[in-house]
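Which chain is which? The protein sequence lines are A, B and C, in order. Quick note: the first sequence, position 60, residue 59 per numbering that gives the first Met the number 0, numbers continuous. Quick note: the second sequence, position 74, residue 73 per numbering that gives the first Met the number 0, numbers continuous. Quick note: the third sequence, position 263, residue 262 per numbering that gives the first Met the number 0, numbers continuous.
Treat the hints as calculated values from the structure; they're not laboratory data. Just so it is clear, the structure is predicted and the values come from calculations on it, not from any experiment. A hint or two may mislead.
A few chain B residues that face chain A, going by a derived Cβ cut-off under 10 Å, partial list only [unchecked claim]:
(1) HIS26
(2) HIS149
(3) PRO150
(4) THR170
(5) SER172
(6) ARG174
(7) THR256
(8) GLY258
(9) GLY259
(10) ALA275
(11) PHE276
(12) ALA277
No residue lacks a Cβ here, since even glycine has one placed at the ideal position from N, Cα and C.
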Amino acid sequence: MGHGMMTRREALRLGAGAAAGAAMTPFAAGPARAETVNWQKYKGTTLSLLFYKHPWVDEIQKYFPEFESLTGMKLQADVIPEVQGREKLVVQMTAGAGDIDAWHASMHVEKRRFWKAGWFQPVNGYLGDKGLTAEDYAWNDVTKGAVEAVTQPDKTISALPTFPDPFVLFYRKDLFDQKGWGPPKTLDELEARAKALHNPPNMYGFVMRGLKNANATPWAFVLFAMGGKYLTPDRKSAMNSPEWVKTMDWYAGMLRKYAPPGVVNFNWYECSAAFIQGQVGIYIDGVNFANQFEDPAKSKIVGKVGYAPLPAGPAGRFAPTFTNAMAVSGQSRHKEAAYLFSQWATSKRSCVRELLGGVGVARASTWGLPDIKAKPKMPFGWYQAYQESLKISRPGLPEIVDVTQYRDIIGVAIQKAIEGAKPADVIAEAHKQFQEMLNETER
Amino acid sequence: MAESRTVPPAGVPLALGGSRRWARFAHRHARFIFPAPAVVAVAAIIVYPVLYTVWMSLHAWFASSLTPPKFIALANYGRLLVADARFHEAFFRTLYFAVLVVAAETVLGVAMALLFNREFWGRGLVRTLSILPMVATPTAIALIFVMMYHPTLGVMNYLVTRAGLPPFTWTYSSRTALYALALVDVWEWTPLVMLIAMAGLAALPKEPYESAVIDGASALKILWHITLPLLRPILIVAVLFRAIDAIKTFDIIFVMTQGGPSNASETINLLLFNHAFAYFNIGYASSMAVALFAIVMGASLILMKVRRTEW
Amino acid sequence: MVATAAAVARPARGRRLRTRDVVRSAGYYALVCVVMLPTVFVFYWMVTLSLKTQVEAAGYPPHFFRFAITLKNYAEVFHKNPFPQYVWNSFVVAAGSTLIGLALGLPAAFSIARWRQQGLALTVLVARIIPGISYLIPWYVLFRRVHMVDTYQALILTHLVVGLPLIIWVMVGFFEDVPRDLSEAALIDGCSYYGAFRRIALPLVRPGIVAAGILSFIFSWNNFLFSVILAGRHTRTLPIAVFNMINYEEISWGPLAAAATMITVPVIILTLIVQRHIVSGLTFGAVKH
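Bound-form chain A, shown alone (with noise of 0.2 Å):
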């Protein structure tokens, strides 16, 4: 490996320094200071943990051992890809036997729907219990963003954020170079890059996602630039507005103008496959997808990447983020003891474990930590765009019950657009269908 990554032991020896050298943690060996979390209080318990697949779960699988001597406790973690996951966690809340008793939630989906039906167990309480949590958890060194994701309306805290997913720009800085140009800064220079460097067959300007459902994420940041909301401030459906007419126009367009053919079908794994191949100049998606860009076994174009927060539109700049965050069921019969194990998941320690595995975390504090920047195992133009995204984040989907379906609707309208329908018939028809939906599922 090169390029500034690092092993698994120095990675290992670097975050315990860290840690030390950040606070004293409960974990500590030594006896400085009294604790008044007793770890080992749910001694013997068997907790039955549900993740979708995720890099966040690959780093933090590794340390179970040590939560599990650490408390006593057993951990029998179930990693499933995330449609089957989620199908799963459906049935099984839906049996409503407690089989789980914490997992991984995607809040982007679950937020609303399962703290409607009382899936999530709020941890207000636990956080301010001294007896459960530790004295330098620092729930005030999340960020605000993540914060947000997690706080339900009626201020009910749902989950612990482990993980945000702002949406960044990824751009071949060898050709930018080439012509003199720093990262796009508007929707306007964006588009002029990218009809500057298409080239097909060869080289294509530019590609976000054009699958339906998986394009409803994307989709956010333009509607964000242009001022488009969701909602009415009374719950309705917003799309009846020129914003969106403006933002369907936009995201169509570039598509179906700079980037590769079949777009319309590419979910991300479409789109990156054409990155790294060298065939696309500009690409949009998830800041995490960028893991596999610089890996010279996967990748043709190592350290020919830059990274940036997304362009501004009319209305401003946004990263529209995704956040997971570990959630206790509220149907769980070891509440307390799940709640232990998700505070030790997002804990201080653990978050520097994971973004030295390269994995983003919900803690500001983390990212400024010298060791970060000392060795990084992303380039550094990555760890700055993720904390600037981080900074000018916000939820990037809807917080109503049915999300899935909304994405759906957008989803199809993009789609059909793309291939040569009217932006306003589209977003009239989605309209329609998103208030229809509104109505059934939000009462």
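Use these hints to put chains B and C onto chain A, whose structure you have.
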């Protein structure tokens, strides 16, 4: 073949009267006792899901709802039949897809069977190889095809462009997605029809052919007037089973297009999955499941009737 | 081999081999190759994908023959999945459901064939017609209540839904083939139906039993939907190894093809061993209806 008798052989004490009575009972009711374990097992496993689904289809309920299911009688079905345009489209699309693939598989399967219906070196090898598509895990095959269909990086378009044609859009356009998917299905299941047809050909009687040859009939005439009609009853059974599975096709579509682009490849089964596990609408999804069942059952009954009248 | 209308490429006995015949033969073999090409190509592609590096796998233009062979993909599949455990689980479930399916299905098929119980045949078909999704929630609730989640028994029972109708349908054809006079004779001799079944019918349909069993095994082996919901850490089956290659941030094409190949291999080997039986199984079942 001398068999055991109900009368015990000499030297062994007579069976007690009860056991004789049981033997008579068992004999008279054999036609029920034989299938009983199987029927009980199947019924036990499916009765609860069937009842649950039918019951749920008469209610409005979301999986995440805190309120219990609300009885709404046939309102779900009403919505299916009248209001749900997406379902109507999926319905016609499903039938179109099923007819398309079953027709293609039947024609190709019979043609291949006719082609392979002679002794040639390597016949066993060919038979083994041609079964393979049927036995491979459908999801794995689908993912491989995803890669092969990639418009700019896939091997399919590479071959197409090398042949001098413009690149296809395969599953990446709403106009061609359904056909690209049909191609995968045909690739996977034609062998089933072919094998059945081959066996059917092997069992054909010789007499019609001998008289036809004597009469001087041409090869084509023989094929059309003798072979195919004789083969028909057998083919119907293959068509029946393929039709059942084709209407319910899920894996390929879910993996490759998720029903897109723009719902161009959304079949009933896919829509059903969405309503159940994406929209959490268990009540409505249950009614759709019942509808799907009715459709498949209807098609099966029609085909079974056709087969019966051919006799 | 029945002489169909198609001209036989081999000359009649005694005649010398003429150029025309040779050309026709060659043309025939060429046609066979062309017809088999799609089948073989996809499998070839899958295997070569599993031997390529990631960069090569997505590379364009694709390399068909000349590429660096790597076994790293297979290593990664083994590393990320407890493959031996998955194979074992898949085997236990498939074998279990097949054996039970045969034990239940053979008498039922015999009965349907003997007493023409069309209604029963249709009932059995129903289990196969029901969409798989309808089973998920009720089964989970049911099995949970009797504490059978993450057990082999639950998976075996549910796989019966796929295997039993198949076994019965295939075997009915075979049983119908057993000449009625044979069983009649045995019955006159004082044999019970059970005896006739056991000693006359079963031995005669043995190829069918093998065929039906293999088919049921294969379909159970490939079944994914039920296993995801009802299996837990201990009973997880093979197809999930394929899905594990799809990460949040990338699809590992090489390891994915490797996993797909590895899942297919045991089934293919089984197929090769009994391919003759499969063909006769399917065809006997169909022909005699």
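Have a go at the B:THR170 hint: is there a Cβ in chain A nearer than 10 Å to its own Cβ?
holds (6 Å)
Grab the minimum C-beta distance from B:PHE276 to chain A and call the hint holds if it beats 10 Å, violated otherwise.
Cβ of B:PHE276 sits 5 Å from chain A, so the hint holds.
Holds or violated: is the Cβ of B:ARG174 closer than 10 Å to a Cβ in chain A?
holds (8 Å)
Given a cut of 10 Å on the nearest C-beta pair, is the interface hint for B:PRO150 held or broken against chain A?
holds (3 Å)
Restraint outcome when B:SER172 is required to lie within 10 Å of chain A by C-beta distance:
With Cβ-Cβ at 7 Å, under 10 Å, it holds.
Under 10 Å is the threshold here; is the Cβ of B:GLY259 close enough to any Cβ of chain A for the hint to stand?
holds (5 Å)
Using Cβ atoms only, decide whether B:GLY258 comes closer than 10 Å to chain A, and label the hint accordingly.
With a closest approach of 8 Å, the B:GLY258 hint holds.
Take the shortest C-beta to C-beta distance between B:ALA277 and chain A; is it under 10 Å?
holds (4 Å)
Quick one, is the B:ALA275 hint okay against chain A at 10 Å, beta carbons?
holds (8 Å)
Hint B:HIS149 vs chain A: min CB-CB distance below 10 Å?
holds (6 Å)
When the nearest CB of chain A is found for B:HIS26, is that gap smaller than 10 Å?
For B:HIS26, the interface hint is violated, since the closest Cβ of chain A sits about 46 Å away, which is over 10 Å.
Do the numbers back the hint for B:THR256, that is, is its least Cβ distance to chain A under 10 Å?
This hint holds: B:THR256 lies near chain A, its Cβ roughly 6 Å from the closest one there, short of 10 Å.
When held up to the earlier numbered hints, the structure conflicts with hint 1 and nothing else.
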